[in-house]
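Participant: Chains as they are written, first to last, in my numbering: chain A, 1 to 114; chain B, 1 to 114.
Label-pair ranges, simulated between beta-carbon atoms:
#1 Thr16(A) to Thr70(B): 47 to 55 Å
#2 Gly29(B) to Arg30(A): 21 to 29 Å
#3 Lys52(B) to Leu96(A): 17 to 25 Å
#4 Asn17(A) to Thr5(B): 33 to 41 Å
Since the hints were made in silico from the structure, they are not lab data.
Virtual Cβ for every residue (Gly too), placed ideally from N, Cα, C.
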Amino acid sequence: DTEVTQTPKHLVMGMTNKKSLKCEQHMGHRAMYWYKQKAKKPPELMFVYSYEKLSINESVPSRFSPECPNSSLLNLHLHALQPEDSALYLCASSALGQGYNEQFFGPGTRLTVL
Amino acid sequence: GDSVTQMEGPVTLSEEAFLTINCTYTATGYPSLFWYVQYPGEGLQLLLKATKADDKGSNKGFEATYRKETTSFHLEKGSVQVSDSAVYFCALSDPGGTASKLTFGTGTRLQVTL
Chain A
1 DTEVTQTPKH LVMGMTNKKS LKCEQHMGHR AMYWYKQKAK KPPELMFVYS
51 YEKLSINESV PSRFSPECPN SSLLNLHLHA LQPEDSALYL CASSALGQGY
101 NEQFFGPGTR LTVL
Chain B
1 GDSVTQMEGP VTLSEEAFLT INCTYTATGY PSLFWYVQYP GEGLQLLLKA
51 TKADDKGSNK GFEATYRKET TSFHLEKGSV QVSDSAVYFC ALSDPGGTAS
101 KLTFGTGTRL QVTL
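Sequences are here, hints too, so could you generate the full structure?
Facilitator: Right, here's the structure in full:
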């Protein structure tokens with residue numbers, strides 16, 4: 001299995017809602033990533049988990065809360081989002097070790113905040 | 001800090017034309033270099049990679065050579081198809097064994113017409 005899956009594919013939520021995005025991989029990768037991508041822009045890194053521990057937080061607002069329950073799963077919990085948070089949210093994973101740093105991306109969750 | 005510069009798009013070509021998308025980078029040390037492709041409405045797919053100077057990455061008819069002397073990693077294809085229409089991102093990352101961010105270029109949109 002060489003893919004990263006993400007659910008849901010689309011999500012519409014109000015500013016007072018709480019929702020979660022899910023990401024799963026079965027490639028045995030021990031690093032997992034969340035990126036945010038606005039239209040016509042490159043992805044921007046949000047969080048990195050390494051061996052299930054948060055290793056990088058790119059100063060993301062606390063209304064985004066990541067969680068890595070095990071080595072195959074990555075969640076992004078959303079609460080009190082703003083309309084400007086509407087974007088494509090991409091999950092990625094990679095192996096750890098010299099020369100194994102390519103990241104494999106999922107198809108993304110397209111989020112709309114009303 | 002690290003940065004990647006890509007040629008501005010969109011690039012419009014006729015089918016079977018030769019493609020070059022320029023990419024140059026600024027980084028300390030010896031980064032790994034990547035080309036990712038994003039088809040409309042999808043996530044990013046790894047197209048090819050190179051991890052050291054003079055390495056040539058290749059996949060699906062696309063090629064790019066890691067040129068340390070010119071800090072470049074230009075993407076080429078000898079004969080493009082309509083199905084190659086997509087956005088192409090050049091990226092770099094730390095080659096070490098730890099999880100690290102991908103630094104992306106701004107992306108180049110390719111449109112191939114019949």
